[in-house]
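In the order they appear, the protein sequences are chains F and B. In terms of this note's numbering, the first sequence is residues 1 to 468. In terms of this note's numbering, the second sequence is residues 1 to 223.
By construction, these hints were calculated from the structure, which means they are not laboratory data. Being a predicted model, the structure only gives us computed values, none of them experimental. Hints should not be assumed to be uniformly reliable.
Some chain F residues close to chain B (C-beta under 10 Å, calculated; not the full set) [claimed, not checked]: (1) 50; (2) 419; (3) 429; (4) 440.
Derived list of chain F stretches under chain B, where covered just means 3 residues or more per stretch with a C-beta under 8 Å from a C-beta of chain B [said to hold, decoys possible]: (5) 91 to 100; (6) 186 to 192; (7) 255 to 262; (8) 319 to 328; (9) 441 to 449.
Ideal Cβ positions, reconstructed from N, Cα and C, are used throughout, including at glycine.
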Amino acid sequence: MSDTGYNYRVVRGFAFSALFWLVIGLVVGLWIAFEMFNPALNITPWLSFGRLRVVHTNGMGLGFSLAAIFAATYYMLQRLTRTPIAFPRLAQAHLYLFNTVLALGALSLFAGMNTTKEYAELEWPIDIGVVIFWVMFAINVFGTLIKRQEKQMYISLWYIIAMTVAIAILYIVNNLEVPISLFKSYTIYSGANDANVEWWYGHNVVGFIFTVPILAMFYYFLPKVSNLPIYSHRLSIVSFWSLNFAYLWTGAHHLMLSPLPEWLQTVAMGFSLFMIAPSWGSVVNGYYTLNGNWDQMRTNYLVKFFIAGITFYGLQTLQGPLQGLRTLSAFFHYTDWVPGHVHMGTMGWVTMIISASFYYMIPRIYDREIYSVKLANIHFWLMMVGQIVWTSAMWIAGIQQGAMWKATNPDGSLMYNFLDTVASLYPYYQIRFGAGVIFFVGILIFAWNLVMTVRQEQEPGKASPSIL
Amino acid sequence: MGITSKPVVFAILSAAVILIGTTVTVFIPLFMPSTQPVSAYIKPYTAVEQEGRDIYMREGCNNCHTQTVRPLRTEVLRYGEYSKPEEFAYDRPFLWGSKRTGPDLNRVGGKYPDSWHYTHFKRPQGMFEKSNMPPYFWLAKNRLDTSYSFKKTTVLGYGYTEAMVKQQLEEYRAKVADENYPSKESRTVVTPLELRKELTEMDALVAYVQKLGRDVKSIEKNQ
């Protein structure tokens, strides 16, 4: 490998930060999953469900996913432009600031400093930290792109550009707030407007963190891993632009039958259905890439991560628009169906693709083989089983909950009081916790496998990594 | 495609494409009065209720409780009149929520006496054995911090003077500390001796919960 000159230090830093936040986020996740059927774990205010749930969502979304995205982006960016990072010191500062902001963010959420806007709960001083590290990141993305040696920008770079631009707009607009003190602020929007801005943000932050950069990884690493070119360049162009265009219209499908004006809900519903097309554009592109080479699902341990991941992305992008329809939302919204939906995306798609990208990336930047393919396979199956059991349990729970809320007696009165519906879900919550443990064991094996890859002895005769 | 060799142009075009939907569905509705109508029937929160709302937010109650009754038959049966947009004109932020691990709270105000809430917050399982709600007995052990109350109501545009805020706080303190407060017994059980004559965080939270849907209920009553 003629890698000399590429900066892999920051890639490594973000990759292992991602693993750290992943483990922390999952421990918190298991804790709150247990609290759902046994409130005894609400030991102190700091460990009560209402505070911990946001530590979990922020730890996974902002901590794990963003760190992994930064790691993969700094890697892909350099390889695809054949140019070292434009400002390596800035990138290193980005790494330190990111982890500082995340740690302070987690502490502040534990302490109850919380704006309550979903996935934007961090208070204003932390928001400023987020904006600063995002600007640092953007400077390096565009700096490197401008200095690039490779004329054409590959698909993955388009997705990285879209993420960089979109997240900046989303985060700033949704987090405009008036400070009361260092630890407290109020949003500038009120009521229905706040709801509309929040879910425009909430839906698209999922889009531009859990979809767009993960697609960038998919489009880069699948061809690398399988040694096959992407099936259709044209399809990827159409998918990219239509996804970018349509995503922003769909936020209000989170607000079906709420006091938000009906036209906004209906527009969101229509664009959500449209979103199936660009989403499946990428799914089809992935499947056809393997056309005639499906034996790689058996012979190439990483291909199955990518194919399983894009399959769950496909299912996710079908399920989402459907449950966003007004009639179906009336049944499913506010039930446990929704966490089931979210976790198919995060456990089945995001974590799957990030895992495989790390398995490809980490050995290469250390110039060695993966520690154990067998462990990677065990990790794959534990994630797969954990995720499917987790999400299925929540879908069934959601259907039951929705049906019980709506059930009426022949005289028209309600059949169940609310508490009956809660108590009837405990078996599903217990299954969910068990499934979470299975998934977590898979992740521990993943982390162990990467740590051992780094720590294992060099093969004799091979040069040590050029950059430390 | 020439554009894939021009990163800055590509970024500007991406931003433009992203801003089309944003403008139509977010920016324009922000300036349409019909998105968030205002009604004289809906009163802003008092300083105590606002402090209670901030505690509701701090403890992340919104993670398990919604505050929107949808216009569906069984939902109206269970909770009461469905939610109207004008009810939320003073809500910064909105607290509609996205998950009902516990019941909706938009019509909970006035449904139970204060004593019910003191007893329930203390240990929900004492009232409902199978409940999975966390206990909040410790809120009664915290003196309510009112040092920002005036600033908060000012920023939120409630139009209170500093004297009005002081008066609201004092009136509510006098109400719950009074010998004849109907919920005195259950309040006394959770509140430590040294705080019984003062406002606690639990007092404020109870005040807030009792405000939810109250204005709509009083319109109904008058009709």
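Which numbered hints fail: 4, 5, 8, 9
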